[in-house]
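Enquirer: Please take these sequences and the hints and turn them into a complete structure.
The sequence shown lines up with residues 1 to 177 when you count with UniProt numbering.
Calculated directly from the structure, the hints in this document are not laboratory data. Be careful, since some hints might not be right.
Restraint ranges, calculated between C-beta atoms of paired labels, are given here [claimed, not checked]:
id : residue 1 : residue 2 : range
1  : F108      : I151      : 43 to 51 angstroms
2  : W137      : F108      : 27 to 35 angstroms
3  : E133      : D165      : 35 to 43 angstroms
4  : G136      : N109      : 29 to 37 angstroms
5  : E66       : D164      : 24 to 32 angstroms
6  : D83       : I170      : 14 to 22 angstroms
7  : P145      : V74       : 25 to 33 angstroms
Ideal placement from N, C-alpha and C gives every residue a C-beta, glycine not left out.
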Amino acid sequence: MKHIVRGVRRHQRGAVLIVVLVLLLAMTVLGMLSLRGALMEERMGAGMYDRSLAFQAAEAALREAEQRLMAPGVLADFPTTADTCNNGLCATPAPAEGKLDRSDDPAFNGWTNATQVDGVAGTPQYFIENMGEAPGWPGCHLQSPVHPTCIRQRYRITARSSNDDRAAVILQTSFAG
1 MKHIVRGVRR HQRGAVLIVV LVLLLAMTVL GMLSLRGALM EERMGAGMYD RSLAFQAAEA
61 ALREAEQRLM APGVLADFPT TADTCNNGLC ATPAPAEGKL DRSDDPAFNG WTNATQVDGV
121 AGTPQYFIEN MGEAPGWPGC HLQSPVHPTC IRQRYRITAR SSNDDRAAVI LQTSFAG
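Expert: Next up, the structure:
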């Protein structure tokens with residue numbers, strides 16, 4: 001009887017080793033995949049953080065431009081020649097075929113740096129376009145007599161910011177003066 005048991009033991013040698021090595025390989029692959037996923041999540045979190053900072057800086061530049069528009073006498077500072085800018089204040093844009101706005105044009109140099117934004121990577125910039133007069137609410141210009149606050153000056157403000165060239169944000173808003 002001892003002879004039969006010894007023969008069986010000889011045939012089982014190494015089988016456990018192969019099973020353990022296969023399980024160890026599977027666990028290593030799972031560990032590597034989980035590390036890869038964690039690194040990807042960390043990169044995505046960093047990207048969202050960078051974008052958030054750039055968005056907040058561009059939003060601050062928009063607010064600075066709005067404050068500038070509320071200053072007295074700002075309308076006199078706007079250039080009158082189409083497609084010209086002076087210190088971030090731009091004349092009414094001339095319609096261009098297939099061009100949405102000036103921020104799409106890489107040759108545009110009318111951006112001005114926001115001065116009231118501190119502690120951000122990169123410098124947020126903005127420009128303001130005088131879009132002319134327009135009714136302040138639907139149908140107000142059809143009333144007789146026309147209400148004194150009906151026709152209002154309109155502006156388009158475009159702001160941009162980037163966080164060390166990792167995340168860039170461009171915001172645009174309309175402002176009624």
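Enquirer: Would you mind marking each hint as holding or not holding in the structure?
Expert: Each hint, compared with the structure:
1. F108 x I151: 43 to 51 angstroms: violated (29 angstroms)
2. W137 x F108: 27 to 35 angstroms: holds (32 angstroms)
3. E133 x D165: 35 to 43 angstroms: holds (39 angstroms)
4. G136 x N109: 29 to 37 angstroms: holds (33 angstroms)
5. E66 x D164: 24 to 32 angstroms: holds (26 angstroms)
6. D83 x I170: 14 to 22 angstroms: holds (19 angstroms)
7. P145 x V74: 25 to 33 angstroms: Since the Cβ atoms of P145 and V74 sit about 28 angstroms apart, the hinted range of 25 to 33 angstroms holds.
Comparing the model with each numbered hint stated earlier shows that hint 1 is the single one that does not hold.
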